[in-house]
Structure formats: structure tokens, C-alpha cells
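Using the hints provided, position chain B relative to the given structure of chain A.
Heads up: the protein sequence lines correspond to chains A and B, in order.
All letters in the first sequence, in the order written, are residues 1 to 308 by our numbering.
All letters in the second sequence, in the order written, are residues 1 to 251 by our numbering.
Treat the hints loosely; a few may be bogus.
Claimed, not checked - The calculated EDC-like cross-link candidates involving lysine to aspartate or glutamate, where the alpha carbons are at most 16 Å apart (straight line), are: (1) A:Lys119 x A:Glu132; (2) A:Lys93 x B:Glu215; (3) A:Lys119 x A:Asp136; (4) B:Lys84 x A:Glu91; (5) A:Lys190 x A:Glu159; (6) A:Lys128 x A:Glu91; (7) B:Lys84 x B:Asp160; (8) B:Lys159 x B:Asp82; (9) B:Lys159 x A:Glu91.
What the hints assert, rightly or not - Cβ-Cβ distance ranges computed for the label pairs, FRET-style: (10) A:Arg230 x B:Glu250: 36 to 42 Å; (11) A:Glu127 x B:Asn173: 46 to 52 Å; (12) A:Ile170 x B:Ile53: 35 to 41 Å; (13) B:His126 x A:Ile170: 57 to 63 Å; (14) B:Asn173 x A:Asp10: 50 to 56 Å.
As the list claims (entries may be wrong) - To give a feel for the contact side, a few chain B residues facing chain A, derived at Cβ under 10 Å: (15) Phe16; (16) Phe25; (17) Lys84; (18) Tyr89; (19) His90; (20) Ala98; (21) Pro114; (22) Arg186; (23) Asn220; (24) Arg249.
These aren't lab readings, by the way, just hints derived from the structure by calculation.
Idealized CB from N, CA, C, for every residue including glycine.
These are the residues of each chain, in order.
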Amino acid sequence: MSPEALRAVDVRKVYHGRGSPDVEALRGVSLALRRGERIALLGRNGAGKTTFLRIASTLLIPTSGQIEVFGHDVVSTPEAVRPLIAVVPQEGKPFFHLTPREQVYCYLRARGLPREDAKSRTEAALEKMGLEDVADRLSVTLSGGQKQRAMVATVLATEAPLLFLDEPTIGLDPFARRAVWDVLRDLTRKGCTVLLTTHYLDEAEALSERLYIVEEGRILFEGTAEGAKRQIGGTLRISIENGGNHRERFASFGQGVAEGNSLHIITEPGRVHEIMDVALREHLSATVGPVSLEEAFLTIVGRSIDAE
Amino acid sequence: MIKMAFGLRWAGTGVFLATEIRVQFHEWLAIVTGTLTPGALLIFVAVLAPDLIAVTLIGSLVYSMFLIGQRVLNEAAYIRIDHKLNELYHASPLSPEAYFVGIAGGMLVAYLPPSLFVLVILELLHPLTLVAWLVLASCLLAVWAVSSTIGYVVSTLFKDMKTIWPYSALLTNLFGIVPPVFYPIRFVPIEWRSVVLLLPTSGAAVLVNNAAGLEAIGGNEAFLAATALAVEAVALFVFGIYWARRMARER
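Here chain A stands alone, though its shape is the one from the complex (with noise of 0.2 Å):
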């Protein structure tokens, strides 16, 4: 078996709309993932991220590129991939007439596995996600959260080498939400491969070792939270109240952004002391904090933006 969970080699995808122009979702991604890992795809909404995984576990044929999971070519294997992968679609829902309980081991024995194993992975990916307490009533009866908690309990009991999760704490509260992470982690420690996307940032910096930021198709960039900030121009974050009409006092210290009346610096720990004490003599207020990934985020796709 290939080291390599999943390896993708410049990989394109166009949809060709019927009147309306062609759109290039994917403009040559190429990324790798070691078995074990747990990877997040960070991008605005249309970035590709979900073409990207829909390609990666079957879904969808992309118009050029290699793709492998675990050494087998999704494109002209998929039969051989697809009892490696398990996929919590983007916005999937249960079977509504269906109890959780039912749900996750109807979808086990679908996968081939025998009866005790398919019950007693339910049982336990049922108490993971904290769903005993409503595992026996219809998923339709169920909270939106609590729908969810069975979409991804349904997956993760699958324990498949290679998991895709499209946004798979949309919709939960911060328990729940740390209750899938906690799965995941433990999942990962066993040996599987996790690739999820995500809106929260904060989830993407807790539970990935690597990540890469995706937009309009492009890797924009790859590597740690704590890279991703670094890239910005430093890893603290002074902010300075009313030091928006001051901004030119500042400039010499690094990236300055605007927000309102404030003005926030980027810079890295040795260039704290004198910003301080410039906004001291200016009788200004100022703050001192970690940089986060949602900066480093905004300031990545931003100048991708700028750029083009």
C-alpha cells in the first residue's frame, strides 16, 4: 500500500454550464496527505474545496490531474478506493424515518460489515456523539444539531482509512463541536487519514496538523496554523485605540490595518516594546495579542484578491 493516504497532482476541474460561461473550480490542486494525518481545507465559499473532495472520494470526475488514495487512481479505480473512504457530505442528513440507531448501523452492513461488529461500532459512535439519549427516536423528531451529530456518527463509527468531512460541525454547539474533534483525534491515533473543510477557523488551527488554504481554485498556501501566520509578517497583534488617525507613526512597525478608529499592527514579539512606547508618548491605549489564523486567512486570500 502507498505510504501516502492521498495524493493529488495538479488537479483541474471545469463545469461546463449549459448557456451560461464555464467555471474553473479547480486550477491545478496538488496536495499530499501521510496516512494518519488530519489536514483542513480553509477557502470562501466557491473556493473549490468541495469540488476538491467530491473528486477525492469518487463523487465527481475532474476534467484533468491524478488523484490516488492509498496508491488506486480515483478516476479509473473507484471500486477499489471506495471501501477505503467514508464521506460526511456537505450539508447530508439522516434517513429522517429512521432512529440514529438505525441509521448508523443500517449504513455498516451496507459497507459489508458483519452484524456484531456493524452494533457494537454503533453503540459506540452513538455515545461519542451523545446521541444514547435519542437514539431510538426518528431522526425527523430530532434538533438540527442533533441530525448532524448522527450524519457524522454515522461516518466516523465507519472507521475507514481515509475520512472526508465536508463541514462536518456545521450546526453544532461548542460541546458537540469539540466532541467530534475529540473523535477525530482518536481516530487519527488509530491510524486513519482525516481531510475536512471548514468554516471555523478556530476548528481548522485545534484539530489540523496541516492545512491549506484554497481559493479560486488555487492553493494559496500549505503548511501549520502557526506557518500560515508567520506568513503575514509576524505572530502578535498590537491594537491600538484611536490609532487609525496616527497610522503614519506606526507604518516602520509592519502591516497595519485599519478598523474603525483602531489600528492593528502585525509584528513579531522583539518589536513590542517600542510600538509600545511610540503609543504611550501619543497618550494612546494599546493591547497586545496572539495573531490569529482568521488574520493570517483574510490577509493570505486577501492579497490573492489584490493581486489579481
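Coordinates of chain B only, in the frame set by chain A:
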């Protein structure tokens, strides 16, 4: 060997079929309300033309079987468009052909009880010979194959449930109500008889009525109807499997 014949994989079909049956049984009211149209027609005929009741009973069996295709259409479209469950299953070891046959078979089994009830009434009012039973069973199976395939294929063509509903009603009326399914073929003008025999629903009804001794047709007409029905059933079902495999991956 059977599992892999013609490159097709059937593993998991039974489980997915059972899943669909379970889903439908949780919606038992839909199974009951599905009997309303043929039930109402049976009452009208019993009151207005009691001598045609056996023909109408056979018609309601054929109609109910064709209605399964409409249910396949609605179910397949619903779980694809609204729930995205097709993606959950297509990105799994369950093959697209098993998914298609699972839905079609699940609907058949789940909606069979009302038809069994009609069969009992038919047997009480107009007992069938063994040959008539065999013709009836074969024709119903063929109608199920045709209607399930039409339902599944149509379900994959649209992106919105509301767009699908009119087609669903159109197909049911076009195949189930307009041609001589609930009424004898003798009411059809002679120039239309060939067309009627070629349609799977009316062809099936005419064949069963003939076998049950309710309305005789010529040997050539029987041959035409039987051949058309068999060819349509086999060709469409094979096409359904091809289509299911094709549509499991978007292009």
C-alpha cells in the same frame, strides 16, 4: 461469481433494500394512502358497473405496481436532493447498481401489502388458474422493472423536488389512468389498440385479463403485448443499472 457477473457488484443490496423497507414502514401512512386511488376506482366500478370489478381489480394491481416507480422517483430524488445520502452511499463499497436495486426492491416490498389484499379479493371474486397466476406475477414484475427504472432515471435529472412533482403526476396518469388499465381494451378505438398493447401498463393489464378469461384478445395481439413488455422490462432495467453507475459520478 454471481456477485461479479458482468462486472456488477451486488454486495449490500439486501441490507440497503431492508433499510429502505424500514424507512417506508416508519412512514406507514403513505402505504395506506397509496391505496386510495385504486380503492376509490374499485368502489365506483362496484357501484356503476359491477360486471367489470374483476378487470378493475387487475387494473388496480397493475396501477399499484406502476405507482411503485413514482415512489422510487420521489424517494431517490428526496434522499439525493434533500439529504445528500446518495453521496454517503456512493462513496462507499455499496455499488451504484445495489443502491438502485435496493431502492426499487425496498419500495416493492414495502408497498406490497395493499396489493396482497387486492389479490385476496380478486381470488374470492374471480379465482385464477395457475397459468393466469403466472401471467399475473410475470406481468407485475415486468411493470415494476419498467416503472422503477423510469422513476430512478427521472429522479436523477432534476435539482429541485418541486420540479419533479409534475413529472411524477404526469407519468402516473399517462401510464396508469389514460390507457386501458382499469377498463377493458374493447373500449379503445381499433386504430389505437397497437399503441395500447405496446405500453407496459395497459399491455400487462390486457395480458392478465386475457389469461384470466376476462377479455379475449387475438394470438398476434397477445404476442405483441408479451414481447413488448418483456423487451421493455429487460432493456429498461439494464439501462437503469447502466444509468445508476453513470450517475454515481458526476461529470
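Structure-based check of all given hints:
1. A:Lys119 x A:Glu132: With a Cα-Cα distance of about 14 Å, the restraint between Lys119 of chain A and Glu132 of chain A holds, given a limit of 16 Å.
2. A:Lys93 x B:Glu215: Roughly 50 Å separates the two Cα atoms, so the pair is violated.
3. A:Lys119 x A:Asp136: Holds, at about 14 Å.
4. B:Lys84 x A:Glu91: 7 Å, holds
5. A:Lys190 x A:Glu159: 9 Å, holds
6. A:Lys128 x A:Glu91: At roughly 21 Å apart (the allowed maximum being 16 Å), Glu91 of chain A and Lys128 of chain A break the hint.
7. B:Lys84 x B:Asp160: 13 Å, holds
8. B:Lys159 x B:Asp82: Since the Cα atoms of Lys159 of chain B and Asp82 of chain B sit roughly 10 Å apart, the hinted pair holds (cutoff 16 Å).
9. B:Lys159 x A:Glu91: 15 Å, holds
10. A:Arg230 x B:Glu250: 36 to 42 Å: 39 Å, holds
11. A:Glu127 x B:Asn173: 46 to 52 Å: 50 Å, holds
12. A:Ile170 x B:Ile53: 35 to 41 Å: 56 Å, violated
13. B:His126 x A:Ile170: 57 to 63 Å: 58 Å, holds
14. B:Asn173 x A:Asp10: 50 to 56 Å: 51 Å, holds
15. Phe16: 5 Å, holds
16. Phe25: This interface hint holds because 8 Å falls under the 10 Å limit.
17. Lys84: 4 Å, holds
18. Tyr89: 7 Å, holds
19. His90: 6 Å, holds
20. Ala98: OK, holds: Ala98 of chain B within 10 Å of chain A, min 8 Å.
21. Pro114: 19 Å, violated
22. Arg186: 44 Å, violated
23. Asn220: It is violated, given that the least Cβ distance between Asn220 of chain B and chain A is near 45 Å, above 10 Å.
24. Arg249: 6 Å, holds
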